[in-house]
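Enquirer: Spelled out, the chains give:
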Amino acid sequence: MTTTEITPQQQEEADQRHPRSLLLRMDRMPHIWCSRCGIGIALGCFAAALEKTGLSADDITVTSGIGCTGRVAGYVKVDSFHTTHGRAIPFAVGLTLARPDLRHVVFSGDGDLISIGGNHFIHAARRNQNLLVICVNNFTYAMTGGQLAPTTPITARATTAPYGSFERPFNLPYLAASAGACYVARWTALHIRRVTDSMTEALQKDGFRFIEILAPCSTIYARRNKLGTGLDLMKYYYESAIIDHKASMRDLDIGFQSRIVVGKFVDEDRPSYGQSMNDHLGKVLGSKFVNPVTGLDGIPKDGGEK
Amino acid sequence: MKADSIGVLTGTHYLDGDLAAAEGACTAGCRFFAGYPITPSTEVAERVALRFPLVGGQFIQMEDELASIAAVLGASWGGLKAMTVTSGPGFSLMMENIGLGVMMEVPCVVIDVQRGGPSTGLPTLPSQSDMMQARWGSHGDYEIIALSPNSPQECFDLTIEAFNLSEQWRVPVMLMMDECVGHMTEKVIIPPADEIEIVERRYTKVNPENYLPYAPCDDLVPEIAPLGKGYRFHTTGLTHDFRGYPVMSADVQEECVHRLVNKIRMNVDKIAHVETTDLDDAEVVIVGYGISSRVAIPAIERAKREGIKIGVIRLVTVWPFPEQLIRDLASNVKAFVMPEINYGQVVYEVERCAGGKAETRLVAHGGGWVHDPEVIYQAIREVAK
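Chains A and Z, in that order, are what the protein sequence lines are. For the first sequence, the working numbering begins at 1 and goes up steadily by one. For the second sequence, the working numbering begins at 1001 and goes up steadily by one.
If you are wondering where the hints come from, they were derived from the structure by calculation, not from laboratory data. Just so you know, even glycine gets a beta-carbon here, dropped at the ideal spot from N, CA and C. Be aware that one or more of the hints could be misleading.
Using C-beta positions, here's what the derived DEER-type ranges look like [to be verified]:
(1) Z:1250 with A:282: 23 to 33 Å
(2) A:58 with Z:1219: 46 to 56 Å
(3) A:271 with Z:1189: 35 to 45 Å
(4) Z:1054 with A:53: 48 to 58 Å
(5) Z:1254 with A:162: 34 to 44 Å
(6) Z:1331 with A:8: 19 to 29 Å
(7) Z:1254 with A:250: 36 to 46 Å
(8) A:166 with Z:1139: 43 to 53 Å
(9) A:6 with Z:1254: 26 to 36 Å
(10) A:193 with Z:1202: 30 to 40 Å
(11) A:162 with Z:1270: 54 to 64 Å
(12) A:250 with Z:1266: 51 to 61 Å
(13) Z:1205 with A:271: 51 to 61 Å
(14) A:232 with Z:1200: 55 to 65 Å
With the hints as extra help, turn the sequences into a complete structure.
Expert: In structure tokens, the structure reads:
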């Protein structure tokens, strides 16, 4: 096998030509994701959405937990936090309360957000914390080699469900909406325009916003379940995804290779936790209430000299 | 700089240790608190919930202790001085993210009002049995700072010191109270704001192009960048290089972990706060911390009246442990006597540093109450023979 030598200069030029190079840490490329993985698509949509909103990279933070999608925080060129397994949401709760002037995004996987982080997910939604939560759902724990996830469809195989799963998986949009999310959408990695639109819309809203993106895991999930490659999964999405914004959310369960209902299911305006806190305390305490100090107040004005 | 007067209730108060710690947080400039109720620490959270809206702070009761410490780390990265408070079972739950705080180098304060354990143990009664958990509770190799107050006044003073140390050394600082100190009510004097020294965050002055989030300064502590100001930094719980980028190699692990250990270890003299009395000609040295250091006083006085030459070391800072002090004394004294409300934790550090040159005697107590000073006195008598 022969390889073509690329000079550092050529690499730099190629990096700069990348359409999303402004938002990506090109010095960390190549990324760890497998070819035919859907996470890169979700990240590409996010970069496009950010551009569309006109927000700068200095207006947002990205927090991830652990797992394949958990690596997103490491590849976005914004203030970014790669935290512990399951704790991206409560970590970002601290960020959003300390810096309400910025927009805070949690970008992580289904196992991280919904299994080990499930309690934080429902409570952040209940409180309507000012967070955009993007969940890439690949039906499995991919980074650790394909174990059973809280989203694995019934009968699908996993290393820890070698005879197929018999557990009912979570219906994520229904869960998010029942817990109190004010924006809920589900798309697949095939729906790049709609994913981008949803992200654009959600980035500009307040409160707890949830976007589920079904994404192919070619190396682990598809192979173990003999579903072909990532491309075959994209074909499955193409054939089986039905857009129905008005669908009853309790009917959004996903079976093994079943039809998938996608769409924007919730889009409401309700005061976020921070707003409610300040409004309530201001009303009850009157002039005794002191508006919360934010992290912005403590930043010296004379930074960036050296 | 000096404390912001808005949070400082200057005057003479009658407070228990829990409430005094809450006032210490208000005074230190803590403006974010995330916690979960647990006896015997809850009064700290309750006082903070009452006071914070009046001083520009935010209080949030999280869904559990895992979330509480995670939110504290996030808020600290967001630029606020942040704290949580808990007791044994909650302290156990916080361990993973205390490790994240160590790895990401996040200034914050964790108060543990110790109760009897293991497990649910004795929710309403004291112990000092989380001392090694404070030291080693999170997985991996690191050094930590832990303080142990023995009065409500110290709960106030040391909460401020804990915040100052956490900002200076970029590490979570533990305030290891116990149920007895937490629920003991005494006079607490809160000085005027302009007499209270506060350490502010060390924001970098390097411009974003040249900034490396984990490049250490001379004291081995890196400078922090503010959010949203063009630094666009990355931080991770993974082993990382100066850029904050994960690198999976033995070399970078060595560089990263060795510095986390050394920034505390090489600066013990600047960090460790120890009170010593009559060490010069001592035959027996009592080593104590927290409530046990106080319960030992009648025993020490009685032994002294009986002519035993007795010195006292009070560990205000338990971690990092003042190794050199014990090493230097070991050749000159007969024995160290250490009362602890556990079956042997910090005493092993004393024994290690004594290196067999002096006897080390633990006065153990299973928890639920403090020592009878008589028992400590008897131990002093025996080793002094």
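Enquirer: Does each hint fit the structure? Answer for all of them.
Expert: A quick look at each hint next to the structure:
no., hint, in the structure
1, Z:1250 with A:282: 23 to 33 Å, "violated (55 Å)"
2, A:58 with Z:1219: 46 to 56 Å, "violated (29 Å)"
3, A:271 with Z:1189: 35 to 45 Å, "holds (42 Å)"
4, Z:1054 with A:53: 48 to 58 Å, "violated (37 Å)"
5, Z:1254 with A:162: 34 to 44 Å, "holds (40 Å)"
6, Z:1331 with A:8: 19 to 29 Å, "violated (60 Å)"
7, Z:1254 with A:250: 36 to 46 Å, "violated (54 Å)"
8, A:166 with Z:1139: 43 to 53 Å, "violated (34 Å)"
9, A:6 with Z:1254: 26 to 36 Å, "holds (31 Å)"
10, A:193 with Z:1202: 30 to 40 Å, "violated (45 Å)"
11, A:162 with Z:1270: 54 to 64 Å, "holds (56 Å)"
12, A:250 with Z:1266: 51 to 61 Å, "holds (60 Å)"
13, Z:1205 with A:271: 51 to 61 Å, "violated (38 Å)"
14, A:232 with Z:1200: 55 to 65 Å, "holds (57 Å)"
Checked against the numbered hints given earlier, the structure breaks hints 1, 2, 4, 6, 7, 8, 10, 13 and satisfies all the rest.
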